[in-house]
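Novice: As a plain string of letters, each chain reads:
Number of protein chains: 2
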Amino acid sequence: MKFADIEVLDANDPLAKKRELFSLDENTIYLDGNSLGALPKAVKSRINDVVEQQWGRDLIKSWNQHNWIDLPQTVGEKIAPLIGAGPGQVICCDSISVNLFKVLCSALQLNSERSVVLSTEDNFPTDLYMVQGLSDLLSTQRCQLRTVSEEEIASSLDESVAVLMLTQVNFRTGSLLDMQHLTSLAHEKGIIVVWDLAHSAGALPVELDKCNADFAVGCGYKYLNGGPGSPAFLYVAKRHQSTRQPLNGWMGHSQPFTFNPDYQAAESIHQYLVGTPSILAMSAMDAALDVWNDVDMGQVRAKSIELADLFMQLVDERPTLKSLKLCSTRKGNDRGSQLAYSHDNAYAICQALIEKGVIADFRAPNILRLGFTPLYTSYKDIWNAVGYLSEVIESEEFLKPQYNMKAKVT
Amino acid sequence: MKFADIEVLDANDPLAKKRELFSLDENTIYLDGNSLGALPKAVKSRINDVVEQQWGRDLIKSWNQHNWIDLPQTVGEKIAPLIGAGPGQVICCDSISVNLFKVLCSALQLNSERSVVLSTEDNFPTDLYMVQGLSDLLSTQRCQLRTVSEEEIASSLDESVAVLMLTQVNFRTGSLLDMQHLTSLAHEKGIIVVWDLAHSAGALPVELDKCNADFAVGCGYKYLNGGPGSPAFLYVAKRHQSTRQPLNGWMGHSQPFTFNPDYQAAESIHQYLVGTPSILAMSAMDAALDVWNDVDMGQVRAKSIELADLFMQLVDERPTLKSLKLCSTRKGNDRGSQLAYSHDNAYAICQALIEKGVIADFRAPNILRLGFTPLYTSYKDIWNAVGYLSEVIESEEFLKPQYNMKAKVT
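In order, the protein sequences belong to chains A and B. Numbering-wise, the first sequence is residues 1 to 410 according to the numbering used here. Numbering-wise, the second sequence is residues 1001 to 1410 according to the numbering used here.
There could be a bad hint or two in this list.
Label-pair ranges, simulated between beta-carbon atoms [what the hints assert, rightly or not]:
1) B:Asn1048 with A:Thr28: 27 to 37 Å
2) B:Ala1266 with A:Asp5: 44 to 54 Å
3) A:Ser45 with B:Asn1260: 53 to 63 Å
4) A:Thr329 with B:Pro1087: 46 to 56 Å
5) B:Asn1260 with A:Thr28: 24 to 34 Å
6) B:Glu1207 with A:Gln402: 29 to 39 Å
7) B:Asn1260 with A:Val295: 54 to 64 Å
8) B:Pro1365 with A:Ala154: 36 to 46 Å
9) A:Asn27 with B:Asp1209: 47 to 57 Å
Just so you know, the hints here were simulated from the structure itself, not pulled from any lab data. Backbone N, C-alpha and C fix where the C-beta goes; we use that ideal spot for every residue, glycine too.
Okay, chain A solo, but in the shape it has when bound:
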């Protein structure tokens, strides 16, 4: 591969112009949008307005005047088309963990004769933790976690399973599960399916309605660029919306401002709201989502696969990079929008790369993880990233002590 080929790829990229919508230093090669999405420029002016005018000047009146009260729904409806959900099924609130708790409780209720929540052993830990916590609270007679490998999912779907809880794209390897197939297999056994879209919403076309999905949760701060720790979202298929969830906060009440002492759940996705949402965080998310207005998710997916394929090809072409072992599949259709390489010095290599302006991340125990965000990553970024990676590894500069000091957040 020659640099001239790379220039052609960028010149023909229908998404290339989208990078202008982001506030991203031109010397930064950001391959960590799967951990924290870059800042959309529109967020800056929105947040200024929310702080100075809405909060500072209009104060409490803003709940009506600037429709603060509707933000969870407004934002949810902006996310819906990105995950293949028809209207009235997605709402933005709380964190993924809290949202998982809500939908797991609903899902278990729909299958109250069974107790097993089946998941994968290398699911993102918070998903497994939430089931463990619920199991401790309810007893294993009502909820117990069973984990299997990704390969064993299909064969483990039997009548003991109440809920199948899967993350569509594995947070380490990026392996992509077949939502349509697994949902359908699970339904044949009467199993309710909860999908975690943390690494798929905004990364690839998701078709919740088409797959007949039951519940889903997802994250605002990765591919949706909603800002650090931005509010999460949840999806509940229309047919399940009368099933209750136990976090009866006042925002989920059918008439919160009558201040009635008895809880009466809203007859809609609103019953999944709990407490008062952060308007700053929710507004940032709302503004961030506008970058998707005219985006063709098919183009995003095609470019995502090409960026990763290019990365692998460039690594393969350099004999000095043989010490990196690919942990992701080479098949683009079976992968999310990231690659994982293992290396004994993955942490230090990641730190040394950051020093050169290439931001990737490390995932314990030994994974260098590279995320590809087609809206603001160019083919040239990939070319340069692999160049820097070679420099770091060939020179062994990653052995320097400063790259081997563990930080709180790795």
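Starting from the known structure of chain A, arrange chain B on it as the hints suggest.
Specialist: Relative to the frame of chain A, chain B by itself:
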């Protein structure tokens, strides 16, 4: 009372200078800081920095570089002295509703032979709703709500009660419960006490440690000025911190970044963290709390009582305001930092007042609620507010149709 007396009061007010720390239009008389605190100027620059530099430029590195990961604790420790809590017992996270769920589960666990959660029938509804939800989830054998009037609390404390859940200051009337006395009475019967400080944190001196409180939750967006829907906080006395709560999110794990599939709770207040916190919301809260740096809470309390007393006195002096019926006690020591008046047209009067620049709020069914925030409310504000209130009522302009159209948020 004459205006000259008012001018003397303002001239001698040791807190008068604090108003400069807030971005508040000089023509606005803001008597709703008990619903949404005014904007501290320091928040503006902090949020700009967090958005443009921390998120926009430093991206994922900010979790370490700007100590994002420590914010829940940093903010918790800033709140702690305002509520009489020693270090390591307060953390900032989630909403009051979600935090109540966590501490209720812990409290019930500490008293697992009992099931009754005793509260007041006019507690803020979300508190009652959360118990109802937990009761539905766990069955009434493990959790059931019993409500009584404020007067009946003491006589209702018996050995069937597992948890006493009280809001220190009533959201409608502002009546203040005696934390020391009720906690002590409850402990005599082996009852665990959960305090909701929504209307007391930042409004009056709170002494959690001194009262030997067990658990507390509170709100960031009222007297603490953390911004609309800002993160809430919770307090867990050191002696209870090994008791578990069921929302096992990864942020509550003892080592979140080892990504171990088994949950191991942090051995500290950190186990009450759940998902990834909103850094925008948390940073706003952090900056907002600096207005308290050199504030004497005794002075805040004294001025709060004086402002409310002055309001009542000025209302009493005007015969035309007889249609307003005081629902709060006249005894300053038994009151939080607000007054409630009932009136058949309370909603319309509130709207007409807003039109004149006096922002109070309405609480169903017929309450005009006025909050007093000593850091940015002057005696002159009170004088003028009562003046406008007289105008609105004497002229009957509140009868105009535009003041009688109900908004989504009342």
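Novice: Starting from the range 36 to 46 Å, see whether the pair proline 1365 (chain B) and alanine 154 (chain A) falls in it by beta-carbon distance.
Specialist: violated, 57 Å
Novice: Between serine 45 (chain A) and asparagine 1260 (chain B), does the beta-carbon spacing fit 53 to 63 Å?
Specialist: The hinted range 53 to 63 Å is violated for serine 45 (chain A) and asparagine 1260 (chain B), with Cβ atoms some 42 Å apart.
Novice: Okay, alanine 1266 (chain B) versus aspartate 5 (chain A) on CB: inside 44 to 54 Å?
Specialist: Holds: the Cβ-Cβ distance is about 50 Å, inside 44 to 54 Å.
Novice: Confirm or reject the claim that asparagine 1048 (chain B) and threonine 28 (chain A) have a C-beta distance inside 27 to 37 Å.
Specialist: With a Cβ separation near 20 Å, asparagine 1048 (chain B) and threonine 28 (chain A) fall outside 27 to 37 Å, so the hint is violated.
Novice: Do glutamate 1207 (chain B) and glutamine 402 (chain A) keep their Cβ atoms within the hinted range of 29 to 39 Å?
Specialist: Given range 29 to 39 Å: violated, Cβ gap about 47 Å.
Novice: Indicate whether the distance between the beta carbons of asparagine 1260 (chain B) and valine 295 (chain A) respects the range 54 to 64 Å.
Specialist: violated, 37 Å
Novice: In this structure, is the beta-carbon distance linking asparagine 27 (chain A) and aspartate 1209 (chain B) contained in 47 to 57 Å?
Specialist: With Cβ atoms ~51 Å apart, the hint holds.
Novice: Return holds or violated for the Cβ distance of asparagine 1260 (chain B) and threonine 28 (chain A) against the range 24 to 34 Å.
Specialist: Since asparagine 1260 (chain B) and threonine 28 (chain A) have Cβ atoms about 32 Å apart, the given range 24 to 34 Å holds.
Novice: For the range 46 to 56 Å, tell me whether the beta carbons of threonine 329 (chain A) and proline 1087 (chain B) fit it or not.
Specialist: This hint holds: roughly 49 Å between Cβ atoms.
Going down the numbered hints, you'll see the structure goes against 1, 3, 6, 7 and 8, while the others check out.
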